[in-house]
Amino acid sequence: MTGTPEKDLDEWTTGDEPMTGPQESYLHTLAREAGEDVPEGLTKAQASQLIDRLQQETGRGA
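Letter by letter, the sequence shown follows residues 4 to 65 in my numbering.
Because the hints were derived from the structure by calculation, they are not lab data. One or more hints might be untrue.
As the list claims (entries may be wrong) - What follows is a set of in silico ranges between Cβ atoms, one per label pair, in the way DEER data are often shown:
#, residue 1, residue 2, range
1, E20, G62, 27 to 33 Å
2, S28, Q59, 15 to 21 Å
3, G62, T17, 26 to 32 Å
C-beta atoms are modelled at their ideal positions from N, C-alpha and C, and glycine is treated no differently.
Working from the sequences, and respecting the hints, build out all of it.
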């Protein structure tokens with residue numbers, strides 16, 4: 004398997020920081036495709052979890 008192993012979200016040292024601009028942009032794209040809204044004030048870890056779920060729902064996940 005190639006790529007970088009993913010860290011458990013609980014182990015992220017910056018997981019409680021606000022989501023990044025790219026995360027927010029991608030989330031809005033995925034949410035629009037899934038017919039959902041993006042909650043305000045997500046952390047990096049929460050945004051990552053939501054991205055994973057929406058990727059599965061929209062078929063954009065790997």
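The hints, checked one at a time:
no., hint, in the structure
1, E20 / G62: 27 to 33 Å, "holds, 29 Å"
2, S28 / Q59: 15 to 21 Å, "holds, 19 Å"
3, G62 / T17: 26 to 32 Å, "holds, 29 Å"
In this structure, every one of the numbered hints holds.
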